[in-house]
Amino acid sequence: MIFRSKITQLGSALSLALVLSSCNSDKAAEIRVRELPEEERELKMVATSAERFRFRAQKASDSAGSVQKTGGPQLVYETPEGWTVLDSAMMRDVNLTFGENGEGECYLTRLPGAGGGLEPNVNRWRKQMGAASLSAEEIAALPKKPLFGQQATFIKVDGNFGGMSGADAKENYRLLGLILSSEAGAVFVKMTGPKDLVEKNKAGFDQFTSTLDVSLN
Amino acid sequence: MATSNTEKSPGNWLHFLYKFFTSFKLATLVLVLLTFITLFGTLAQVNHGLVASKRFYFDSWFLWYSIKEVDGSFTPVFPFAPGGMLLMVILFTNMLMGAIVKVKKRLRGIGLLISHSGMLLLLAGGFVSHKFGTDGFIALYPGMKSSKVESYREWQLELIPVNDADKAEKAFVIPTEALNALRLNQEKVFPMPDLPFDVKINSYAANSSPIPTSAPMSAQVEGKEIDGFKLANQELSKKAEQNLPGAYVEFVPKEGGDPIEAILWSGSAKFDPKEKNMPFQFRVGDQRFAAQLAKKTWRVPYEIELDEFIFERHPGTGVAKEYRSRITRFEEGKESQSLDIRMNEPMRYGGYVFFQESFGPPDAPAGQMYSQFAVANNPADQWPLIAVSITGLGLLIHFCMSLNKFVSRTRKSNKKKAEAA
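If you read the protein sequences in the order shown, they are chains C and F.
Going by our numbering, the first residue of the first sequence is number 211, and it counts up by one from there.
Going by our numbering, the first residue of the second sequence is number 503, and it counts up by one from there.
One thing to keep in mind: the hints can contain errors.
Quick partial rundown of chain F residues pointing at chain C, CB under 7 Å, derived from the structure [claimed, not checked]:
(1) LYS672
(2) PRO712
(3) SER739
(4) GLN744
(5) SER770
(6) ALA792
Facing chain F, from chain C, some residues (calculated, C-beta under 8 Å) [claimed, not checked]:
(7) GLU240
(8) SER259
(9) ALA260
None of these hints come from the bench; they were simulated from the model.
Cβ coordinates follow ideal geometry from the N, Cα and C atoms, glycine included.
Put together the whole structure using the sequences plus the hints.
This is how it looks when you write it as C-alpha cells:
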C-alpha cells in the first residue's frame, strides 16, 4: 500500500518534470547584441531580391555558342552539333535546345549550398516524370558520370513529363540529369524531350557535360 | 491515521527514493531500455538523418509521439517512452548511489568500485560533450587568415544599423533557439528595445527556396509575393546542414507608418569564403538597416592562415586521391607553428580539434580551391579513453583478486584432499 502510494507520488513528480521540460522558455527570445569583427563590417548591399537570391538577370549569350559569359569565371563547354544556345535565364546558367522545333531542352543550374540535397532533387525530378520516389539506398546506387571533374549522380527517367508546374504532362518523354550536390554548392544538368529525340541526342548530353569547365580567363 | 503520517514523513520519502534509485532492478530496466533506444536511434538515421535521430532519441528527456506538419517539421503531442537523456541520468544516479555510496567499502570490492567509477566518468563525459561541446567549420582560400568558426546548422536573424558607406559595427540578434521554435505560418513579434522598429515574423520555414513569380511552379507556392518572389517551403533534408531556412518578415516602425515587408533567405548568406552576405536593406526614419539570416559564429583563441591547399585526383578520374592543407597558426598576432592538416591527421590545440573536412567550389580547377576544416571543441574529448582505461583497470583488479581467491581455495582443497588421502 505504502509502495503504491509512493509510486503515485513519484509518477506525479515525473509528470511535473515532464511539463517543465516541455515548456518553452522565454529566454530563447532574448535579443543579443553582437559586435561585428573587422571582416564583417563592410556589407554587400544589393539592389534587388533577385540578386539577393542569386538569380541573375537575363544576359545575351556568346554568339559562338561555345562559351557562356557569366561574369568573372566563365563556364565553357562544347555545344553538340545541331543544338542551339539560348540566352541564359533565371535558374538556367546554360540554356540549350535541340530537335527540329526545339522540343528538347538541356540546361545547367547552379545553387548555393547543397541546393536542397541530392535525394529530394532526384525524387522531385522523378515526380515530374510521374515516376515513384527512390529510397536513399537506391539513390546511392545510381550510376555516376563526371561533371566538373567530380562524380555526379546520373538520373534517367521515362514517363509523362509534367515539368515544374505539373500541368499538361507531355507523353512518352525522357529525362536525363546529373546532380552534383555538396555543402560547397550544387550543380544540376537536366535534359528533357521526347524519348526518341533524347535517345538520339544522348551522345550530345555526354559531350556537353564532359566538356563543361570553368575558364578563369 | 498513524500510517498516513508515516507515509508522508520526509524520512520515509527519502528512504523510498534511496531504495528506488539504488535498486538493481532499476539498473537492469534502464540498461534494457537504453539498448532499445540505441537500436531504434541507429536505425532511424537511415530515414531521418543523424542530427534529427540524435535529437529525438538521445538528447531528449522523453520520446514524443508527434504529428508531421506541412513544413515537414514535427509537433509533439504526448510522450510515450523515456528518452536517452532521462535514462542516462537515472543510470548515473543509480550507479553513483548503488555501486559507489551504498556498497560496503571492502578491499575485495575495490576492483568493482574502480570499474563503476570509470563507467560514471563515461556517462559524465557524454553529458559534458552534449552540454558544452561545439562543432563548426572554417573555410579558407590560400592566403586567408581567420579565427571565426561558423555553425553548420544554426541560423540567426541579424538586424544591423548601417551607415552611408555600407559599414556597420554591431548586429542585434534574434537567436537560433527563438527561430527554431517557430513554425510555418506562425506569427511572432520580437520587440527590439534598442531599435526604432519591432520585428514580426509571419512564417518561418526550416528549409525553403525563393521562387520567382515568373516561374510556372510559383503558382503552386503558397504565401505572399514580395518583390517578385514567393518563399516555397521544402521538405527537411536528412542532412541538417543542407537545410536553407527562410522567413516572411515585417519591420514595424514604432513611430507608426507602414511595415516594411521582406523575404529573408539563408541562401543570401555567403557559401564561399570570398563572398559576403547579401542582406535585405531598408530604412526607418533617417537610419538605414540591413537584415539577414546568418550562421551563428564564434571564435577560437588563435588564428590560422592557409598557406597552401594541396589537392590531387586519381589519374583519369574525378575522385580525390589526397587533399591536405599547409597552415600557420598565429597567437596574439605572432606566428607560433606551421603544420599540415590532412585526413585522419587533425590539429589538436587549445581545446580545439581541426579536421581536414572538404574543399570547394565543386567546379573550381585545382589551385583555385578553398579548404574547409571541421572545428570541434569538446571539453570531454579524452574522457572516454580515461573512463575505459579506469573501467578496464578495475575489472583487471577484480579478475586478479578473484583468480587469486580461486587458486587459494583450490590449493586448500587439494591440501585437504591430500591430507585425507
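Now the hints, each set against the structure:
{"no.": "1", "hint": "LYS672", "verdict": "5 Å, holds"}
{"no.": "2", "hint": "PRO712", "verdict": "4 Å, holds"}
{"no.": "3", "hint": "SER739", "verdict": "4 Å, holds"}
{"no.": "4", "hint": "GLN744", "verdict": "4 Å, holds"}
{"no.": "5", "hint": "SER770", "verdict": "5 Å, holds"}
{"no.": "6", "hint": "ALA792", "verdict": "6 Å, holds"}
{"no.": "7", "hint": "GLU240", "verdict": "7 Å, holds"}
{"no.": "8", "hint": "SER259", "verdict": "4 Å, holds"}
{"no.": "9", "hint": "ALA260", "verdict": "7 Å, holds"}
Taken one by one, the earlier hints all hold for this structure without exception.
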